[in-house]
Amino acid sequence: QKEVEQNSGPLSVPEGAIASLNCTYSDRGSQSFFWYRQYSGKSPELIMFIYSNGDKEDGRFTAQLNKASQYVSLLIRDSQPSDSATYLCAVQMEYGNKLVFGAGTILRVKS
Amino acid sequence: GAVVSQHPSRVICKSGTSVKIECRSLDFQATTMFWYRQFPKQSLMLMATSNEGSKATYEQGVEKDKFLINHASLTLSTLTVTSAHPEDSSFYICSARSSGVSFSHIQYFGAGTRLSVL
Chain Y
2 QKEVEQNSGP LSVPEGAIAS LNCTYSDRGS QSFFWYRQYS GKSPELIMFI YSNGDKEDGR
62 FTAQLNKASQ YVSLLIRDSQ PSDSATYLCA VQMEYGNKLV FGAGTILRVK S
Chain W
-10 GAVVSQHPSR VICKSGTSVK IECRSLDFQA TTMFWYRQFP KQSLMLMATS NEGSKATYEQ
50 GVEKDKFLIN HASLTLSTLT VTSAHPEDSS FYICSARSSG VSFSHIQYFG AGTRLSVL
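Quick note, the sequences are listed as chains Y and W, same order. Residues 2 to 112 (the numbering used here) make up the first sequence, in order. Residues -10 to 107 (the numbering used here) make up the second sequence, in order.
Because the hints were derived from the structure by calculation, they are not lab data. As the structure is a prediction and not an experimental result, all values here were calculated from the model. We put the beta carbon where it would ideally sit given N, CA and C, even for glycine. Just so you know, not all the hints are guaranteed correct.
Here are the computed distance ranges between Cβ atoms for each label pair [stated by the list, open to error]:
| hint | chain 1 | residue 1 | chain 2 | residue 2 | range |
| --- | --- | --- | --- | --- | --- |
| 1 | Y | Gly42 | W | Glu52 | 38 to 46 Å |
| 2 | W | Asn40 | Y | Tyr72 | 29 to 37 Å |
| 3 | Y | Ser41 | W | Pro(-3) | 16 to 24 Å |
| 4 | Y | Ala18 | W | Ser7 | 25 to 33 Å |
| 5 | W | Thr71 | Y | Glu46 | 27 to 35 Å |
| 6 | Y | Arg61 | W | Glu52 | 38 to 46 Å |
| 7 | Y | Gln71 | W | Lys30 | 34 to 42 Å |
| 8 | Y | Asn67 | W | Gly50 | 28 to 36 Å |
| 9 | W | Lys55 | Y | Arg78 | 39 to 47 Å |
| 10 | Y | Pro11 | W | Pro75 | 23 to 31 Å |
The calculated DSS-like cross-link candidates involving lysine-lysine, where the alpha carbons are at most 30 Å apart (straight line), are [to be verified]:
| hint | chain 1 | residue 1 | chain 2 | residue 2 |
| --- | --- | --- | --- | --- |
| 11 | Y | Lys111 | W | Lys44 |
| 12 | W | Lys55 | W | Lys9 |
| 13 | W | Lys9 | W | Lys30 |
| 14 | Y | Lys68 | W | Lys44 |
| 15 | Y | Lys57 | W | Lys53 |
Far from chain Y by the CB rule (all over 12 Å, computed), these chain W residues [as the list claims (entries may be wrong)]:
| hint | residue |
| --- | --- |
| 16 | Val0 |
| 17 | Ser78 |
| 18 | Ile82 |
With the rest of the complex left out, here is chain W (with noise of 0.2 Å):
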């Protein structure tokens, strides 16, 4: 199956420090990823489509300034934390999907990145 990277696992830091998390698609294209969030006990709630070579379209109470999303190339995007507080303390995971013509409609997930803020 397709694997998706997403680096670092796990990040502590201190409130008011930024935070970059990268998702890359290691054997595939991805013209789309996803950017989720998931808290204790819950589910994972979409917070933005990263589109290559565009703006990213984020979900409705989302802000777009806090949590910035780059889709550079084919197989990387970032999502930046930006001012922490411990409140966007959460687990984060980036998924892709194939650019390709089969299975394009599946969505790989990275391993997610768990961030903890002090």
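Just chain Y, same shape as in the assembly (with noise of 0.2 Å):
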């Protein structure tokens, strides 16, 4: 079993829409979720973190974490071509440590 796992995709949505993106984790012991976006031939950038149970907005991002189910989710709303990306969850299992990617999941936003 992976450690990080995420659907590959490609997720299709339309512009405007919601896109709803998710990623599960194996080891319990798991404390920070992150997620990254990655455009083509570039190196990854930081859209948002979390670390309680919940949901965190920044913007037109939602992160939802659910530790007991191990899932860590990233809603997209109001979607844009410009958003078309792959979209990499990273999972930290002790504070400032090292990340552990998952395969990343590509999402493309038709106009």
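Reassemble the complex: the two chains are provided individually, in unrelated frames, and hints are given to aid placement.
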């Protein structure tokens, strides 16, 4: 079993819709959870992090964490073509320690 | 946000040569930097964790004699790919986390170095 699992996609959504990206992790001791966006040929850029159960909102983005079910999700409201990218879920077991990345989900927003 | 500079952005070299990649934290001190490798259509795989003033910690399967890491200061870590071969061609990305108290769990990524070994 992979430590961090994501559906590879591609996930296609129309412009203006809500895109929902999901991630599950295997280690119950994981502390912090991150969502990165990676455009083709570029390095990852941080979108959000979350470490408490529940929702965390930042603009059009909402991260949701459920430690009991060991999943974390990212919602993108009012999706734009510029949101088309690969979204990487990363899990950190100890505060400040290394990140374990999922394989990423390709998101395509169609105009 | 914190800025991490990585240089060079692209390297093309002959097989057998060594290549050095620099990673600098520009506006914060980083006691810990991380080196990742990403092959096409795959996710980032951690190669090693670089700690200022001490030896790097390598992940299983990563040859420490081939991928030399030096973290000589709080703002600079270098990765040297020694005797590079075509199978070392990849996208190498560094990240750094602040040594400060706030947000020290966040890793900021450099722009990456695309290495092509002929």
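Taking the hints in turn, this is what the structure says about them:
1. Gly42/Y with Glu52/W: 38 to 46 Å: This hint is violated: roughly 27 Å between Cβ atoms.
2. Asn40/W with Tyr72/Y: 29 to 37 Å: holds (32 Å)
3. Ser41/Y with Pro(-3)/W: 16 to 24 Å: holds (20 Å)
4. Ala18/Y with Ser7/W: 25 to 33 Å: Since alanine 18/Y and serine 7/W have Cβ atoms about 49 Å apart, the given range 25 to 33 Å is violated.
5. Thr71/W with Glu46/Y: 27 to 35 Å: holds (30 Å)
6. Arg61/Y with Glu52/W: 38 to 46 Å: Given about 43 Å between the Cβ atoms, the range holds.
7. Gln71/Y with Lys30/W: 34 to 42 Å: Violated, at about 26 Å.
8. Asn67/Y with Gly50/W: 28 to 36 Å: 32 Å Cβ-Cβ, so the 28 to 36 Å window holds.
9. Lys55/W with Arg78/Y: 39 to 47 Å: 45 Å Cβ-Cβ, so the 39 to 47 Å window holds.
10. Pro11/Y with Pro75/W: 23 to 31 Å: Holds, at about 30 Å.
11. Lys111/Y with Lys44/W: violated (48 Å)
12. Lys55/W with Lys9/W: Within the cut-off at roughly 12 Å; holds.
13. Lys9/W with Lys30/W: Distance ~24 Å between lysine 9/W and lysine 30/W Cα, so the pair holds.
14. Lys68/Y with Lys44/W: violated (34 Å)
15. Lys57/Y with Lys53/W: Violated, at roughly 40 Å.
16. Val0: holds (15 Å)
17. Ser78: The assertion about serine 78/W holds, with a minimum of 14 Å to chain Y.
18. Ile82: violated (5 Å)
Violated hints for the displayed structure, listed by number in ascending order: 1, 4, 7, 11, 14, 15, 18.
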